[in-house]
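*Asks:* Each chain is listed here by its residues.
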Amino acid sequence: MKRFLRLVWGMVAGSAVFVGAKGGPPSPPGDHALDFWLGDWEVFLASGPKDGDNRIQQMLGGFAVQENWTELDGREGKSWFYYHGPEKRWKQVWVTDGGGVKEKAQVADAPTGSVRFRGESPLRDGRKLLDQTTLTPLPDGRVRQIIEQSLDGGKTWRTAYDAYYVHKAGKAGSNLP
Amino acid sequence: MKISNSPWLLGGWLALAVGLSAQQPVPPPLPPESRQFDFWVGEWEVTTPDGKPAGSSRIELIAGGAGLLENWTGYPAPTGGSGKSLNAYNPGRKQWQQYWVGSGGGVLELAGGLVGRDMVLTGEHTVSGQGLTEKITWTPNADGSVRQHWEQSKDGGKTWTDAFDGLYRKKKPN
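Residue numbers (this note's numbering), protein chains in the order written: chain A, 1 to 177; chain B, 1001 to 1174.
Calculated directly from the structure, the hints in this document are not laboratory data.
Idealized CB from N, CA, C, for every residue including glycine.
There is no bait here: all hints are sound.
Chain A regions said to be covered by chain B (calculated; three or more residues, Cβ under 8 Å): (1) 60–69; (2) 74–81; (3) 92–102.
Bound-form chain A, shown alone (with noise of 0.2 Å):
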């Protein structure tokens, strides 16, 4: 992939999102629009129990974030936040140990401080399932996460997961090495 990533090099130094990166490697985004969610945390549903951990890391100089879920029943889903600069947003793709795979990217409807994903997936009925994430950094350093799901095209939204993710103790900050 060596040629590759020189190709890709050129062809996302070139693009108008990197301005300013002229002449080197091209800047990471810089929104930071997920920074407030990097971090350890223990994820509670907002009706109170504990529903698991999650981890977000950084990766590839800030160009990607992985979401490590783990629920306390010892299932597992990853998923990638990732920057497409073409489209100047972030995109999302959730993959989960039962085999489901969701895609989704940023959408510009999120509620002020708030950042918001979107996307489409085909049920095996036919219908399609359009499936927002909110993410939304509180006062006191929690996260609110809430997943809405339609299934009549965005007309009515129902509430499909309400939880706030904690910071684990020692674990402060949003860095990882």
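Keeping the supplied structure of chain A fixed, place chain B upon it in accordance with the hints.
*Replies:* Chain B alone, transformed into the frame defined by chain A:
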């Protein structure tokens, strides 16, 4: 996140429809297709067709075997660059998908599947106003090595140019 919200598994309505509880103690079985790319899993040294070092890579199974994570380091490190990809069979779209992010921020989104024994993934994107088709073919060889052949087309697939041709050989155990 919440695994049971994954639509292909047990999304809220779907769970009701199939009469399963929202919480599953064990994951449902992975589709058999999830095993089609296992020949790429391992610790590899990668060489160019003329035998020169191109880099090294570690391909690992993730999420209970549902996905493959590629960790590429180009030769010589670190100036050779690096990158990672997430690969998974998407049962909803009935195809393999790869998401590649290079250390320089380049992104590739590819999709495809097995063609014979080869894994063939393609994708289209626009680079500086020019449409570009990417095609990467992974071929498992009889000796356990894997060839990764990367081609690009600027004319919608009529003609192809090599972008990379690497031979993956398993690292010898220490």
